[in-house]
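Visitor: Letter by letter, the chains look like this.
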Amino acid sequence: MTPPRYAACIDRWRSNLPASDVTETTANEPGAGKEATDEVSRARRTLTAYARGVAGGLLIGMPVFMTMEVWWSGFTLPPLKLVGLLLFNYGVLLVLQHYSGLHPRKTRGGQFRAALVAYGLGLIAGSLVMFMLGVTNLHTALRDFVGKIVLLAVPVSVGASVAMSEFGDEHETVERRKENATYFGTLGMAAGGAMLFGFGLAPTEEPMIIGLRLPWHHALALLVASLFQVHAIVYAVGFKQHERDDRAWWRKLLKEGTGAYAVALLVAAYLLWTFGRIDADTGFVACVYQTLTLGFITSLGAAAGELLI
Amino acid sequence: MTEKETEGDAQEARPPDWVERLATLISALLVLAVVAVLVWDAVHPDRPASLDASAGTPRKVGTHWHVPIVVRNSGDVAVQEVNVSVGLEHPDTAVKGIDVRIDWLPGRSQREIDAVFAVDPSRGKLRADVESFDEP
Numbered sequence: 001m002t003p004p005r006y007a008a009c010i011d012r013w014r015s016n017l018p019a020s021d022v023t024e025t026t027a028n029e030p031g032a033g034k035e036a037t038d039e040v041s042r043a044r045r046t047l048t049a050y051a052r053g054v055a056g057g058l059l060i061g062m063p064v065f066m067t068m069e070v071w072w073s074g075f076t077l078p079p080l081k082l083v084g085l086l087l088f089n090y091g092v093l094l095v096l097q098h099y100s101g102l103h104p105r106k107t108r109g110g111q112f113r114a115a116l117v118a119y120g121l122g123l124i125a126g127s128l129v130m131f132m133l134g135v136t137n138l139h140t141a142l143r144d145f146v147g148k149i150v151l152l153a154v155p156v157s158v159g160a161s162v163a164m165s166e167f168g169d170e171h172e173t174v175e176r177r178k179e180n181a182t183y184f185g186t187l188g189m190a191a192g193g194a195m196l197f198g199f200g201l202a203p204t205e206e207p208m209i210i211g212l213r214l215p216w217h218h219a220l221a222l223l224v225a226s227l228f229q230v231h232a233i234v235y236a237v238g239f240k241q242h243e244r245d246d247r248a249w250w251r252k253l254l255k256e257g258t259g260a261y262a263v264a265l266l267v268a269a270y271l272l273w274t275f276g277r278i279d280a281d282t283g284f285v286a287c288v289y290q291t292l293t294l295g296f297i298t299s300l301g302a303a304a305g306e307l308l309i
Numbered sequence: 310m311t312e313k314e315t316e317g318d319a320q321e322a323r324p325p326d327w328v329e330r331l332a333t334l335i336s337a338l339l340v341l342a343v344v345a346v347l348v349w350d351a352v353h354p355d356r357p358a359s360l361d362a363s364a365g366t367p368r369k370v371g372t373h374w375h376v377p378i379v380v381r382n383s384g385d386v387a388v389q390e391v392n393v394s395v396g397l398e399h400p401d402t403a404v405k406g407i408d409v410r411i412d413w414l415p416g417r418s419q420r421e422i423d424a425v426f427a428v429d430p431s432r433g434k435l436r437a438d439v440e441s442f443d444e445p
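Protein chains in written order, with my numbering: chain H, 1 to 309; chain G, 310 to 445.
Take the hints with a grain of salt, since some may be wrong.
[Claimed, not checked] To spell it out: a stretch of chain G is covered by chain H in this simulated footprint if at least three of its residues, at any positions, have a beta carbon under 8 Å from a beta carbon of chain H; those stretches are:
no.	stretch
1	328-338
2	354-366
3	425-436
[Unchecked claim] Pairs of lysine to aspartate or glutamate, EDC-like flavour, derived with a Cα cap of 16 Å:
no.	chain 1	residue 1	chain 2	residue 2
4	H	81	H	279
5	H	81	G	350
6	H	106	G	326
7	G	434	G	401
8	G	369	G	429
9	H	106	H	172
It is worth saying that the hints were derived from the structure and are not from the lab. Note that the structure is a prediction, hence the values are computed from the model and not measured. No residue lacks a Cβ here, since even glycine has one placed at the ideal position from N, Cα and C.
Given only the sequences and the hints, what does the whole structure look like? Please build it.
Guide: Next up, the structure:
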């Protein structure tokens, strides 16, 4: 039976159609009325999901929109690095669609489409907000504009891709997948969380300055503190009662905690390289210290990935 | 399998609705357009940064005159810390020089800054020059 609010919506929709169309649909096709109702309710569900995605994206992306280093990176970063970031981000979005998502349809094709739409929403939201803030205008060079929105679309698309979890829309398939996540699935969620936390900070100068000023014993302390926080969060979040009952829970904890930290460091190093903070000309120790500094933040996201997603 | 799960599976098996199809199409076109611009930028050779500065028409604001100075980068490479000097040779006063700095100037872009004078610059000789810049 059609819910009353959808029925009212269908009536309004039908009243706008030419009379011939209504008669033909109802007279010639049995059950066509129900199909039309279904189609409208599905379209409405999709629109709601996208609106929620935009809200979730802006929630995550807004601080990045107001970071000058991101605007500048739009025209200073080499184009192939931007394409690489776009592809890497698409991979992260696919993982996020699997364990949370923009759209409730959880088929493989649906998830590919949702990841694409999440990035599209990011491009549109990034363009509009940049224009609204006066960062871009009609005189902005095309390459500069494209560079900026490619970067700004990343946090928005990540935020949009965890919108279902952010706004508490539970989905049976997603819950089942999270409960039965494999080790690599958990690491995928860790990469998503690390990206969520690290992207806002990686373009700024602070991780570079802090990393370059770190004495070795502070760097070591940072490493230990990061490992501790990762394991503490993984223990608190990932290891629910049934896991703790298991005798070898501490082995699993070490495996997942260390894996999450390794992913966090890799994501940190990748983001620093993308934003030109580390490259082949940067000294090895400087690279490591900068990665450890940003890794302190990305490890928080990686460890809490399962909770956030 | 519960009735709810069966209904959910049936929903999943159905083709995407028109909103999902339209959004996917628009997103795919946007992503393709963005990638096309980036790939075009990657394959075509960059022209080195080429900067010039020019002074516009002075306008009186309160007791002072503001002169718009347009600094243009006609190359493809972005530059930073662009130092511009603005000089005025005026019959009523000594030569006045103003130094201004622009943080960033992307390729094929321009920035406008205002030089402020206490005398009418249109009665003197005004010049604007790019002194130095840094390529990141």
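Visitor: Can you confirm whether the C-alpha distance between residue 81(H) and residue 350(G) stays at or below 16 Å?
Guide: holds (12 Å)
Visitor: Assess, step by step, whether the Cα of residue 106(H) is no farther than 16 Å from the Cα of residue 172(H), and give holds or violated.
Guide: holds (10 Å)
Visitor: Quick one, are residue 434(G) and residue 401(G) close enough, alpha carbons at most 16 Å?
Guide: The hint holds at about 12 Å.
Visitor: Tell me if the straight-line CA distance from residue 81(H) to residue 279(H) falls inside 16 Å.
Guide: At roughly 12 Å apart (the allowed maximum being 16 Å), residue 279(H) and residue 81(H) satisfy the hint.
Visitor: When you check the alpha-carbon spacing of residue 106(H) and residue 326(G), does it fall within 16 Å?
Guide: Holds, at roughly 14 Å.
Visitor: For the stretch 425-436 of chain G, do at least 3 residues have a Cβ located nearer than 8 Å to some Cβ of chain H?
Guide: violated (count 0)
Visitor: For the pair supplied as a hint, residue 369(G) and residue 429(G), is the alpha-carbon distance within the 16 Å limit?
Guide: holds (8 Å)
Visitor: Counting residues of the stretch 354-366 of chain G with a beta carbon closer than 8 Å to any beta carbon of chain H, are there 3 or more?
Guide: violated (count 0)
Visitor: Against chain H, does the stretch 328-338 of chain G show at least 3 residues with beta-carbon separation below 8 Å?
Guide: holds (count 7)
Checked against the numbered hints given earlier, this structure breaks hints 2, 3; the rest are met.
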